[in-house]
Amino acid sequence: EPEVTQTPSHQVTQMGQEVILRCVPISNHLYFYWYRQILGQKVEFLVSFYNNEISEKSEIFDDQFSVERPDGSNFTLKIRSTKLEDSAMYFCASRQLQKLFFGSGTQLSVL
Amino acid sequence: AQTVTQSQPEMSVQEAETVTLSCTYDTSESDYYLFWYKQPPSRQMILVIRQEAYKQQNATENRFSVNFQKAAKSFSLKISDSQLGDAAMYFCAYRSSYSGAGSYQLTFGKGTKLSVIP
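Taken in order, these protein sequences are the chains called A and B.
Take the first sequence: its position 89, counted from the start at 1, is 89 in our numbering, and no numbers get skipped.
In our numbering, each number is its position in the second sequence, counted from 1, plus 111.
A couple of the hints might just be wrong.
Stated by the list, open to error - Pair by pair, the computed Cβ-Cβ distance ranges are:
(1) Lys181(B) x Ser27(A): 36 to 44 Å
(2) Glu53(A) x Tyr209(B): 41 to 49 Å
(3) Thr114(B) x Leu97(A): 22 to 30 Å
(4) Ser66(A) x Asn173(B): 39 to 47 Å
(5) Gln168(B) x Ile20(A): 39 to 47 Å
(6) Glu1(A) x Glu163(B): 17 to 25 Å
(7) Lys181(B) x Lys83(A): 37 to 45 Å
In short, the hints are calculated from the structure, not lab data.
Every residue gets a Cβ at the ideal spot worked out from N, C-alpha and C, and that includes glycine.
Based on the sequences and whatever the hints tell you, model everything.
Below, the structure is given as structure tokens:
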């Protein structure tokens, strides 16, 4: 079965540094999403992306965050200047009809 | 705003037995979707089952079934004939039907960790 692929599985960065989390959605899907889960807390919606633009974003998704689909296959989440509170598991997802497919996540640790 | 509550942080079940995971939610909407997702140690979130609020019939997927009580805003997951591979974190989630076509904003509960005892 096709899968959403996320790289890297773990990312460690220093506070204030920029990070890019990468995702390869399932090839014929058109809708893409980022969610995150801070340790011990709920999975939270960040952003949805369709037709090369953001279709919805949450309050968490402030100016420090951006998303991009630089080519036909990758979907990236950039955090411009990381904070300690950005440490979380970040999940990418893509959608076909009413079914959402998640990747295995990238664990981001900000030191 | 919608909220989803899973009151059982951890549950355990003997292999081959049945277990029920609880979920309640709060919403003022009449039409919505409810989901159960499984997160095994591989960390990938996998859809287990989905229920549309306008359907009175409870959804079933093989050994997984739900008890959807719309008036009580309750959505429990029953796993029958539990297997070792069912051990995982289970998340209940809500999605409004009134979202735009591109939106798929899920509101999750905090999860229930299920252990299966051989």
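- Violations among the numbered hints, reported as their numbers in ascending order: 2
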